[in-house]
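Novice: For the protein sequence lines, the chains are U and B, in the order given. For the first sequence, the numbering used here begins at 1 and goes up steadily by one. For the second sequence, the numbering used here begins at 1 and goes up steadily by one.
No lab work stands behind these hints, which were simulated from the structure alone. It is possible that some hints are incorrect.
Derived list of chain U stretches under chain B, where covered just means 3 residues or more per stretch with a C-beta under 8 Å from a C-beta of chain B [what the hints assert, rightly or not]:
hint: 1; stretch: 160 to 170
hint: 2; stretch: 253 to 267
In the DSBU-like style, the derived pairs of lysine-lysine whose C-alpha atoms are separated by at most 30 Å in a straight line are [as the list claims (entries may be wrong)]:
hint: 3; chain 1: B; residue 1: K175; chain 2: U; residue 2: K170
hint: 4; chain 1: B; residue 1: K122; chain 2: B; residue 2: K62
hint: 5; chain 1: B; residue 1: K157; chain 2: U; residue 2: K170
hint: 6; chain 1: U; residue 1: K170; chain 2: B; residue 2: K158
hint: 7; chain 1: B; residue 1: K122; chain 2: B; residue 2: K35
hint: 8; chain 1: B; residue 1: K323; chain 2: B; residue 2: K38
hint: 9; chain 1: B; residue 1: K306; chain 2: B; residue 2: K71
hint: 10; chain 1: B; residue 1: K137; chain 2: B; residue 2: K330
hint: 11; chain 1: B; residue 1: K157; chain 2: B; residue 2: K38
hint: 12; chain 1: B; residue 1: K323; chain 2: U; residue 2: K170
hint: 13; chain 1: U; residue 1: K170; chain 2: B; residue 2: K173
hint: 14; chain 1: B; residue 1: K71; chain 2: U; residue 2: K77
hint: 15; chain 1: B; residue 1: K158; chain 2: B; residue 2: K137
hint: 16; chain 1: U; residue 1: K77; chain 2: B; residue 2: K373
hint: 17; chain 1: B; residue 1: K62; chain 2: B; residue 2: K264
hint: 18; chain 1: B; residue 1: K373; chain 2: B; residue 2: K62
hint: 19; chain 1: U; residue 1: K170; chain 2: B; residue 2: K129
hint: 20; chain 1: B; residue 1: K35; chain 2: U; residue 2: K170
hint: 21; chain 1: B; residue 1: K306; chain 2: B; residue 2: K129
For each residue, glycine too, the CB sits at the ideal point set by N, CA and C.
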Amino acid sequence: MAASLDPAQGLIPGEPGRPLRAARLGLTGFFWRHRWAKALLLLAPPLLAFVLVYVASLAALFVSSFWTIDPFTSVMKHVWNLDNYRTLWQASAYRSVALRTIGIAAAVTAADAILAFPLGYFMARVAGRRSRAFVFVAVLLPLWSSYLVRVYIWRLILDEHGVLNWTLGKVGLPALHIGYSNWAVWLIFTYVWLPFMILPVYGALERIPESYVEASRDLGAGAWTTFRRVVLPLALPGVVAGSIFTFSLTLGDYVTPLLAGGASSQFIGNVVYDSITTQQTPFAAAFAAVPLAVMGVYLLLARRLGAFEAL
Amino acid sequence: MSSRIKGRHVLLAAVVAALCVPASGVAAGNGLPTKIGKGEGQLNLIAWEGYTQPQWVKPFEKATGCQVHAKYAGSSDEMVTLMRQGGGTQYDGVSASGDASLRLIYGHDVQAVNPKLIPDFKNFIPALKSPPHNTVKGVHYGISLQWGPNTLLYNTKKLKPAPTSWATIYSPKYKGKITVPDNPIQIADAALYLSKAKPSLGIRDPYELNQAQFTAVIALLKAQKPLIKKYWALASDEIDLFKNGDAVVGASWPYQTNTLIADKVPVKDLIPREGATGWADTWMMSSHARHPNCMYKWMAWVSTPKVQAQQAIYFGETPANTKACSIMDKLAPGSAGQYHCGASAAYFNSIKFWKTPVAACGNGQNNCMDYTKWQQAWTQLKG
């Protein structure tokens with residue numbers, strides 16, 4: 001590649017007094033004539049990093065999922081087989097772990113979308129400058145504290161003698177037993193990923209020109225119809241963009257289920273982690289391929305719904 | 001592979017490893033050193049958190065010139081992984097529990113040691129001189145350190161009368177208020193209970209389970225699962241559960257009991273009438289240790305009565321060295337009795353210490369479930 005980037009010497013011969021200027025001119029000319037070379041030069045470093053770090057590690061992960069571990073010495077044996085995937089498919093425990101992970105990720109996404117929409121709407125179309133800035137800070141503030149601290153705080157809120165049951169007791173309601181359960185996991189995920197939904201929803205709502213809404217009203221549509229047929233379809237790509245974050249972040253997490261989950265709160269990430277600490281790396285790789293496949297399908301769907309324009 | 005061949009390989013490997021060790025003193029006929037040579041100036045250890053406190057590491061460094069670099073490991077599985085890292089040359093020693101020690105011995109990761117080089121070895125309680133988790137066919141693969149039982153912990157306000165049996169943690173009476181460790185070795189606790197509750201299964205050793213016994217034990221754990229509030233991964237998790245009323249009974253270590261009582265939580269622990277499982281830790285030396293003399297000096301140091309007492313009180317466990325008991329009481333009055341220091345053989349024998357389940361059953365047959373099967377069953381149980 002170095003040779004092809006150095007055409008100046010060959011192009012303008014016989015100008016010994018000004019070799020530097022000539023080289024520069026030649027190089028500029030070369031890039032002007034060959035647009036692709038310029039693009040290549042710009043993209044080469046990030047592309048190289050992407051291929052080496054990201055794609056290569058994914059490929060290594062995928063390949064090792066077809067290998068196996070010697071049960072006695074814990075050494076990896078490079079024998080191609082489908083055993084790991086067969087175990088995944090046949091053992092009902094892993095199926096329920098995968099379904100639980102995907103189900104809770106979907107529930108978290110739905111809850112976040114429902115919570116984020118009115119807040120985003122308020123920020124984009126109702127609030128004045130100062131109250132909008134205030135809400136922005138309020139939304140982003142939790143992100144400044146450690147994720148772990150926030151999970152532990154929720155544990156304190158939800159446990160048997162926690163803030164929640166104390167409050168319920170004060171107003172004469174029966175206590176809830178949702179500490180260390182899938183309810184707790186769902187609630188905490190909904191809370192910690194909410195900012196990632198609010199921001200794209202706000203962005204999409206803000207981009208809807210006020211004139212569209214006015215036109216809709218002028219043409220006789222009521223507030224509800226305007227919302228349903230103008231605002232919602234135009235904001236949907238923002239919701240889908242936010243859902244990519246909330247869904248994938250929940251899908252890949254294992255800390256919240258570990259700390260706040262109950263006896264049946266294993267996520268795919270927890271099984272992967274357990275498998276790696278017990279040196280079952282190929283099985284971990286096989287299970288890690290599941291969220292990858294789920295996200296692949298999800299992103300294809302999101303693209304059809306126009307989420308990438310809203311990002 | 002039969003266990004006889006395994007044993008012979010281990011012995012051979014140990015002898016070869018011992019012979020390869022340079023400058024570790026004069027070798028005896030069996031390949032073991034007969035005196036500790038000059039320290040190499042460095043010592044790299046893998047330890048449980050709290051096992052390499054400055055309190056006893058600093059004086060050791062001063063006395064021997066061996067600079068200690070310790071890496072904490074969070075589980076037996078992690079210890080085994082770390083010991084194998086970099087061909088086993090990275091670390092000189094590990095404070096392995098009984099469920100890791102046999103894996104390290106049979107994996108040729110640790111070498112035979114000469115207990116005659118540890119002056120305090122003669123003061124150890126008899127049961128920890130050649131325990132089956134670190135001594136194979138009379139060959140010592142490490143020096144015992146400390147031990148303790150896994151106890152039944154309960155809230156004294158919520159459980160009246162006080163429980164006497166492990167049946168409590170399998171009873172629907174406490175549904176949603178029970179917690180047990182998130183660890184495959186917990187299967188042994190269920191096996192121990194069934195060995196008494198269902199003698200027809202014929203469980204003699206909770207770590208040696210054939211297919212039928214294993215199935216029965218897993219069935220008990222499956223029935224227990226809906227009763228469980230949480231499988232705890234960290235001791236602090238269990239402390240939180242008891243403190244905040246989420247759990248009222250569970251399987252525990254003495255450490256949690258002490259912490260909770262110090263926080264004025266109404267709890268007590270006991271060893272139920274079926275007995276208990278327990279842990280006994282051993283300092284073991286890597287087959288490829290680069291600082292073997294410092295490692296010998298370390299094993300001798302942590303066996304001395306004072307260090308044994310300091311560590312026992314810091315961590316909440318029982319010293320192997322009987323001479324440590326009086327020092328314990330001087331450091332913290334009553335602690336020797338509390339931790340059963342210098343316990344009778346009867347008390348010690350009532351505890352079934354953690355060991356790695358292997359295919360070879362004690363009866364010469366090879367039809368027992370090995371640890372891989374335990375791990376798989378545990379993961380699927382939690383799923």
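Novice: For every hint, state whether the structure bears it out.
Specialist: Do the hints match the structure? See the list:
Counting residues of the stretch 160 to 170 of chain U whose CB lies closer than 8 Å to any CB of chain B gives 3, so the stated coverage by that chain holds, three being the minimum. Evaluation of the coverage hint for the stretch 253 to 267 of chain U: fulfilled, as 7 residues show C-beta separations to chain B shorter than 8 Å, against a requirement of three. Our distance criterion of 30 Å between C-alpha atoms is met by K175/B and K170/U, whose separation comes to about 26 Å. Our distance criterion of 30 Å between C-alpha atoms is met by K122/B and K62/B, whose separation comes to about 25 Å.
For the hint pairing K157/B with K170/U, the CA-to-CA distance comes to about 23 Å; that is within 30 Å, so the pair holds. Between K170/U and K158/B, the direct Cα distance comes to roughly 23 Å. Compliance with the 30 Å bound is thereby established for this hinted pair. Taking the CA atoms of K122/B and K35/B, the gap is near 17 Å; set against the 30 Å cutoff, the hint holds. Restraint check for K323/B and K38/B: the C-alpha separation of about 27 Å stays at or below 30 Å, so the hint holds.
Straight-line distance between C-alpha atoms of K306/B and K71/B comes to about 23 Å, which keeps the hinted pair within the 30 Å bound. For the hint linking K137/B to K330/B, the alpha-carbon distance of about 39 Å lies beyond 30 Å, and the restraint is violated. Pair hint K157/B plus K38/B does not hold up; C-alpha atoms about 58 Å apart against a cutoff of 30 Å. Among the hinted pairs, K323/B with K170/U is inconsistent with the structure: their alpha-carbon atoms are about 56 Å apart, more than 30 Å.
Straight-line distance between C-alpha atoms of K170/U and K173/B comes to about 28 Å, which keeps the hinted pair within the 30 Å bound. For a cut-off of 30 Å, the pair hint linking K71/B to K77/U stands: about 29 Å separates their Cα positions. With a C-alpha separation of about 48 Å, the suggested pairing of K158/B with K137/B is violated against the 30 Å cut-off. As the CA atoms of K77/U and K373/B are separated by approximately 19 Å, the hinted pair is consistent with the 30 Å bound.
Distance check on the hinted pair: K62/B and K264/B sit about 40 Å apart at the alpha-carbon level, beyond 30 Å; violated. For the proposed pair K373/B and K62/B, the alpha carbon gap of about 46 Å is over 30 Å, so the pair is violated. Using a Cα cut-off of 30 Å, the hinted pair K170/U and K129/B is violated, with the two alpha carbons roughly 60 Å apart. Distance hint between K35/B and K170/U is unfulfilled; the C-alpha atoms sit about 72 Å from each other, more than 30 Å.
Restraint check for K306/B and K129/B: the C-alpha separation of about 19 Å stays at or below 30 Å, so the hint holds.
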